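**Student:** Residue-level listing of the chains:
There are 2 protein chains.
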Amino acid sequence: MGSDRAPAVPDLLAATAELVAIPSVSHSEGLLADHVESDLRRVDRLAVDRVGDNVIGRSHLGRASRIVLAGHLDTVPANGNLEPKIDGDTLWGLGSADMKGGLAVMLALAATDFDAAVDVTYVFYSGEEVARQYSGLLQIEGAAPGLLAGDVAVLGEPTGARIEAGCQGVLKIEVSLGGVRAHTARPWMGVNAVHRLAPVLERVAAYEAREPVIDACQYREALQAVGVSGGLAANVVPDRATVSLNHRFAPDRDAASAEASVRALLEPLLDPTAGDRMALVESQPGASPSLTHPLLRSLLQATALPPRAKLGWTDVAFFAERGIPAVNFGPGDPELAHTADECVTRRDLDSAYTSLRDLISGGSLQAP
Amino acid sequence: MGSDRAPAVPDLLAATAELVAIPSVSHSEGLLADHVESDLRRVDRLAVDRVGDNVIGRSHLGRASRIVLAGHLDTVPANGNLEPKIDGDTLWGLGSADMKGGLAVMLALAATDFDAAVDVTYVFYSGEEVARQYSGLLQIEGAAPGLLAGDVAVLGEPTGARIEAGCQGVLKIEVSLGGVRAHTARPWMGVNAVHRLAPVLERVAAYEAREPVIDACQYREALQAVGVSGGLAANVVPDRATVSLNHRFAPDRDAASAEASVRALLEPLLDPTAGDRMALVESQPGASPSLTHPLLRSLLQATALPPRAKLGWTDVAFFAERGIPAVNFGPGDPELAHTADECVTRRDLDSAYTSLRDLISGGSLQAP
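Residue numbers (the numbering used here), protein chains in the order written: chain A, 18 to 385; chain E, 18 to 385.
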């Protein structure tokens, strides 16, 4: 066991840069998983499991409570920011905020031999930024659900090192418009499906978002076209055009009522007799704020900041669905996630590290 | 040499069905080229050349004039109409009108041993329905330009067996809109390039076409979006969206002024500081009606129908640019080209065949 004195905070900015330097765009997390696995296997007190490109390290100290610290390994595609770049106490680069800073904090906590008051499960997982079917958490659950057991879960998503409570749900919807093919020199013989996108995109762009307040957390919904496609050949009036929508909805709605609201918005523009259709591709429920568990209250006190609504969907919903209260808590500005400018600061990293270290070393005082 | 009596018209509907049954979507014309080459090589009086998937058969009777009969082997992609289907005296199927009916007429003329008053060059070429760089005529010209020499050219494009004069020019233009990438849960941090397509598509859809009359032929311009694309990942506000435009312009304009008119229409919607750009991808000039050559006047008389404007771009422009007067003349309704309903009738096929046969057998009477 470690000393009673809290160990010095390691250089988390450099550690994050090292992780950013290992590319891990979704579906290509193998190299980073190897790196994490190798780190965890050096820690004697952790039992380490690997499932696909997911790595799980668990302490077995026999404590009364277990905290799950979970973070995804994957990033969205690069945006001219593949290379990590440190300037002073700030690190820029793909995944720096979402969420290699969080991973660096988790790895540092795992490596630090301090006097833990709770058992900890460190979950590093793949496939969070892509369709749900690729989720590493689902892979782990399918292989050995016990690996994910715990009393509470903390997702290391970027929150600026404050608690972001609950999460918004997400719908993926595909709107497909029909037309009639024709030669482009005689377009009046056909119906151009790509032209028919205009009013649909206009209405999506003009969408007015609800902003409900739930348990003192203000959510903010969104509806975005994230993909568009159509066209056959340069000489052909296209008879099919498709737009993919991404809808974020506050946790006061379930997925069904969120879908109904999108349908109410767009169905007046669709003509089923023209072959138009709207299909739900994927839906993930949101999660309401859940801050009543003593361990999460303890973390909230450690951060000394009021909780804020999580606007993105995160795997707090995964744990909430399985009866495990969960919050988002990690370094990095969530507003910069998935932008070319994402970055993380040493201050955020150190703050997240010390709050979680305090939770792990003293959390048992408040545990049930 | 053949008899003085005009030979019976062969079964051109069956012959066209045979050609439709050989798929020849652009870039895959090899099988059909083999078939055509094999047919032509059976005709002793023709010298046959093959360049890539282009086949050229030339008579060398020492006549004073040479007519080039040219037709493209390729079709647009199938549209549920790959299989030829004959009902009574009509043939449906991919390419039946555009332009395997015309090819069947050319093959029948090539195979018929009648008393020709002119020399004839039969040109079967690939890559007409796709980007100009794939044009079989350019391939032939690159390999042996003499193969395309002649006094006039008749393109067997579908015209309902009447002369369609000149052709409209075509521009391919790409409009690309910029944006700022962001997480879809916080779209206000970015700018959605796909949403920005809405006003561009709306303006293209509302385009009001000019319909100038040139030499008694009424042209009709068109502007169509033929392709649209954009999107990175389901969670990312896209920072780039692209629409491909196809513009048909009457031959009273050159390509530069046609491009200027499209720019004038759309540039007010573009913001170069946002990364928007408009690029000319390809341009083909149109061709004015050219019906003064005695051989073409002779064909016009044989058809007993007034000439009409050709709205599509065709390779009459290729020959016109090289100083060879050319017209479009072939079986099949041009309004049905590139649609699922394209078809050709026995009446059109026979009419085109007899008009061209009369031209070839008697055209020298009016030749210079």
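No lab work stands behind these hints, which were simulated from the structure alone.
The structure displayed is predicted, hence computed values, not measured ones.
Quick reminder that beta carbons are idealized off the backbone N, C-alpha and C, glycines included.
Any given hint could turn out to be false.
Restraint-style ranges between C-beta atoms, simulated for each label pair [unchecked claim]:
| no. | chain 1 | residue 1 | chain 2 | residue 2 | range |
| --- | --- | --- | --- | --- | --- |
| 1 | A | His44 | E | Arg59 | 42 to 50 Å |
| 2 | E | Ala31 | A | Gly292 | 52 to 60 Å |
| 3 | A | Gly292 | E | Asp269 | 31 to 39 Å |
| 4 | A | His44 | E | His44 | 26 to 34 Å |
| 5 | E | Pro289 | A | Pro323 | 37 to 45 Å |
| 6 | E | Ala161 | A | Arg220 | 40 to 48 Å |
| 7 | A | Asp232 | E | Pro94 | 25 to 33 Å |
| 8 | E | Pro94 | A | Gln150 | 25 to 33 Å |
| 9 | E | Leu99 | A | Glu284 | 29 to 37 Å |
| 10 | A | Gly159 | E | Pro94 | 47 to 55 Å |
| 11 | A | Ala31 | E | His44 | 50 to 58 Å |
Here are some of the chain A residues that sit facing chain E, going by a computed Cβ distance under 10 Å [said to hold, decoys possible]:
| no. | residue |
| --- | --- |
| 12 | Val26 |
| 13 | Pro27 |
| 14 | Gly159 |
| 15 | Ala223 |
| 16 | Gln241 |
| 17 | Ala242 |
**Student:** Indicate, hint by hint, whether the structure satisfies it.
**Tutor:** Cross-check of the supplied hints:
1. A:His44 / E:Arg59: 42 to 50 Å: violated, 56 Å
2. E:Ala31 / A:Gly292: 52 to 60 Å: violated, 35 Å
3. A:Gly292 / E:Asp269: 31 to 39 Å: Taking Cβ atoms as reference, Gly292 of chain A and Asp269 of chain E lie about 38 Å apart, which means the hint holds.
4. A:His44 / E:His44: 26 to 34 Å: holds, 31 Å
5. E:Pro289 / A:Pro323: 37 to 45 Å: holds, 44 Å
6. E:Ala161 / A:Arg220: 40 to 48 Å: Roughly 57 Å apart at Cβ, these two residues miss the hinted range, so it is violated.
7. A:Asp232 / E:Pro94: 25 to 33 Å: Since the Cβ atoms of Asp232 of chain A and Pro94 of chain E sit about 55 Å apart, the hinted range of 25 to 33 Å is violated.
8. E:Pro94 / A:Gln150: 25 to 33 Å: Holds, at about 31 Å.
9. E:Leu99 / A:Glu284: 29 to 37 Å: Holds, at about 34 Å.
10. A:Gly159 / E:Pro94: 47 to 55 Å: violated, 41 Å
11. A:Ala31 / E:His44: 50 to 58 Å: 53 Å Cβ-Cβ, so the 50 to 58 Å window holds.
12. Val26: With Cβ-Cβ at 28 Å, over 10 Å, it is violated.
13. Pro27: Check failed: Cβ of Pro27 of chain A comes no nearer than 29 Å to chain E, outside 10 Å.
14. Gly159: With Cβ-Cβ at 22 Å, over 10 Å, it is violated.
15. Ala223: holds, 9 Å
16. Gln241: holds, 5 Å
17. Ala242: Holds - the Cβ of Ala242 of chain A comes within 10 Å of chain E, reaching about 4 Å at its closest.
Going through the hint list in order, the structure does not satisfy hints 1, 2, 6, 7, 10, 12, 13, 14.
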